[in-house]
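Novice: Here's the letter readout for the chains.
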Amino acid sequence: MASTIRVRATSNGDITEVQALIQHPMDSGFIKDAKGELIPAHFIQELKFEYNGKDVFVADWGPAVSKDPYVKFSFKGAKKGDEIKISWVDNKGASDTTTAKIS
Amino acid sequence: MNATTGPLATRRLILQGAVTVALIGLGNLPFGIAPARAAANDKYPEDAFKQKSQADAIKALYGKTAEPSDKIKLDAPEIAENGAVVPISVTTTLEKVTSISFLVAENPNALAASYRIPDGTIPTIANRLKMAKTTNVLVLVEADGKLFSAAKEVKVTVGGCGG
Amino acid sequence: MKPRLAILLGSVAAVLTALVAASPRVVAADKVDPAADAKAFQNFFFQKFPKLKPEEFVNGPYSMDEGLKRQWQEKEEFPPYEFALDAGKEMFATPFKNGKTYADCFANGGIGIRQNYPYFDTREGKVITLELAVNRCREANGEAPYSYVKDEMASLTAYMAFTSRGKPFDIKIPDDPRALEAFENGKRYFYTRRGQMNFSCASCHVQSPGERIRAEILAPALGILNAMPIYRSEWSGMGTTSRRFVTCNSQTRAVPLEPQSDEYRDVEYFLSYVSNGLPISGPGARP
Numbered sequence: 001m002a003s004t005i006r007v008r009a010t011s012n013g014d015i016t017e018v019q020a021l022i023q024h025p026m027d028s029g030f031i032k033d034a035k036g037e038l039i040p041a042h043f044i045q046e047l048k049f050e051y052n053g054k055d056v057f058v059a060d061w062g063p064a065v066s067k068d069p070y071v072k073f074s075f076k077g078a079k080k081g082d083e084i085k086i087s088w089v090d091n092k093g094a095s096d097t098t099t100a101k102i103s
Numbered sequence: 001m002n003a004t005t006g007p008l009a010t011r012r013l014i015l016q017g018a019v020t021v022a023l024i025g026l027g028n029l030p031f032g033i034a035p036a037r038a039a040a041n042d043k044y045p046e047d048a049f050k051q052k053s054q055a056d057a058i059k060a061l062y063g064k065t066a067e068p069s070d071k072i073k074l075d076a077p078e079i080a081e082n083g084a085v086v087p088i089s090v091t092t093t094l095e096k097v098t099s100i101s102f103l104v105a106e107n108p109n110a111l112a113a114s115y116r117i118p119d120g121t122i123p124t125i126a127n128r129l130k131m132a133k134t135t136n137v138l139v140l141v142e143a144d145g146k147l148f149s150a151a152k153e154v155k156v157t158v159g160g161c162g163g
Numbered sequence: 001m002k003p004r005l006a007i008l009l010g011s012v013a014a015v016l017t018a019l020v021a022a023s024p025r026v027v028a029a030d031k032v033d034p035a036a037d038a039k040a041f042q043n044f045f046f047q048k049f050p051k052l053k054p055e056e057f058v059n060g061p062y063s064m065d066e067g068l069k070r071q072w073q074e075k076e077e078f079p080p081y082e083f084a085l086d087a088g089k090e091m092f093a094t095p096f097k098n099g100k101t102y103a104d105c106f107a108n109g110g111i112g113i114r115q116n117y118p119y120f121d122t123r124e125g126k127v128i129t130l131e132l133a134v135n136r137c138r139e140a141n142g143e144a145p146y147s148y149v150k151d152e153m154a155s156l157t158a159y160m161a162f163t164s165r166g167k168p169f170d171i172k173i174p175d176d177p178r179a180l181e182a183f184e185n186g187k188r189y190f191y192t193r194r195g196q197m198n199f200s201c202a203s204c205h206v207q208s209p210g211e212r213i214r215a216e217i218l219a220p221a222l223g224i225l226n227a228m229p230i231y232r233s234e235w236s237g238m239g240t241t242s243r244r245f246v247t248c249n250s251q252t253r254a255v256p257l258e259p260q261s262d263e264y265r266d267v268e269y270f271l272s273y274v275s276n277g278l279p280i281s282g283p284g285a286r287p
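Protein chains in written order, with the numbering used here: chain Z, 1 to 103; chain W, 1 to 163; chain B, 1 to 287.
Some chain B residues near chain W, calculated using beta-carbon distances under 7 Å:
1. L68
2. Q71
3. E234
4. P287
Simulated DEER-style distance windows between Cβ atoms:
5. B:K97 - W:E46: 44 to 54 Å
6. Z:G93 - B:R193: 51 to 61 Å
7. B:V32 - Z:T98: 53 to 63 Å
8. Z:G36 - W:K155: 22 to 32 Å
9. B:A144 - Z:N12: 44 to 54 Å
10. Z:K54 - W:K71: 22 to 32 Å
11. Z:D14 - B:P50: 37 to 47 Å
Hint data in this document are derived by calculation from the structure and do not stem from the laboratory.
These figures come from a predicted structure and were not determined experimentally.
We put the beta carbon where it would ideally sit given N, CA and C, even for glycine.
Start from the sequences, fold in the hints, and give me the full structure.
Specialist: Laid out in structure tokens, this is it:
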């Protein structure tokens with residue numbers, strides 16, 4: 001199965017801009033299905049970006065982050081061709097990890 | 001307000017019902033005893049996400065109050081195209097930023113997202129959040145051990161409590 | 001006539017009159033002249049929104065409102081249809097059980113052809129939409145057809161539209177009375193009021209684009225299919241042209257037709273033809 005994580009990391013000199021889109025339902029726990037049953041909350045709790053074995057950005061999320069969540073940030077110190085590692089874990093214990101090359 | 005169920009319930013009723021459920025759920029929570037999180041803590045702030053009100057969420061997350069700052073630029077739409085996906089971004093000229101958090105005042109639980117900003121990471125974030133109705137979006141920036149805030153009202157015509 | 005009331009109560013006749021008036025020549029009401037219709041249709045929108053470039057109409061409600069447009073541009077940085085697009089690309093390349101692929105069913109291997117659909121099949125005497133052609137391809141190769149309103153069809157057509165981005169709609173009406181009748185039938189459906197709210201397609205998408213209907217900003221009919229299929233925040237997911245037609249009907253409390261029924265196909269034929277020259281922009285994102 002394809003990764004749930006899409007990343008674009010682009011270097012602009014000293015600064016690397018990172019955008020990520022993750023395939024996840026981010027169910028809030030407040031919505032009912034067609035039968036009127038509450039769909040249990042199911043959301044990513046932690047999303048981590050690592051560079052050189054060190055966290056460069058950590059997102060703690062609740063269920064109010066939109067479905068297929070998106071985030072953008074920038075950090076210093078990396079260069080073109082370097083890799084960053086991205087991983088998430090959700091409230092049901094599921095997780096995914098990928099790496100992306102900075103372009 | 002009673003929770004309304006059944007196939008004929010409108011989206012609005014479903015949302016209201018959901019809020020009721022949330023309130024009942026929160027009734028069991030031990031309010032006020034959530035430990036404040038230290039700035040450098042790297043644990044998922046479970047308690048803060050469970051708080052209903054903005055004030056309780058801030059207390060659980062930071063254990064201190066925020067003062068408004070004009071060094072924070074919060075960018076959010078005047079009118080959200082859909083409450084399920086509201087693009088919100090922030091940038092700040094404050095120095096020594098260690099974390100940035102987004103709260104939506106009248107969501108069932110106010111805290112939406114909290115970001116840890118290590119040294120070398122620029123305090124600029126864009127994300128997409130759900131908003132149940134028209135209310136204030138509040139951003140908190142923790143910088144040099146102090147807490148600062150900026151807020152903006154976003155009108156929501158199509159609520160995005162779920163989805 | 002600018003107030004809302006006038007917009008809501010304005011008759012179909014008024015629009016038709018406006019369309020005819022905008023045309024450089026007089027069109028006899030009983031003569032079917034698609035080329036003149038398309039010209040009048042486009043002129044109507046160009047005059048109503050003189051600041052918009054023709055190709056901007058394909059961005060639907062985002063072409064109508066600055067605040068909405070900014071949110072869209074922000075979303076387009078990493079568009080929500082990205083996953084559907086990837087899935088569609090993979091589906092498109094995956095062979096059927098018999099070893100053949102979608103590429104075997106379509107001209108140019110199925111790449112960059114969205115702008116030619118729907119077309120009129122003179123052998124069959126009917127309009128063939130892209131969604132219909134996809135399912136015929138599947139069935140001809142021993143695969144079960146996709147639901148016209150669900151994710152698989154949306155993903156596959158998203159990829160096919162993506163490979164056709166920027167190509168202008170190039171819908172042909174062959175010299176065949178049945179093709180003219182299909183166009184005319186689609187046009188009739190488009191302008192006919194129906195349902196409990198007594199709306200026609202044109203009530204919203206010709207008379208009132210840019211206006212709010214309850215919470216939503218209405219898209220112009222010109223270029224409205226160029227962005228299909230779409231990711232709608234309202235759906236929290238993708239939808240096909242079929243899905244959009246069905247939900248449009250239910251939102252105005254009319255009885256939706258079966259997806260890919262003759263009438264829907266004819267409406268798609270009409271709407272696509274009058275948007276000839278405008279670029280394919282699908283897959284799109286909508287509120």
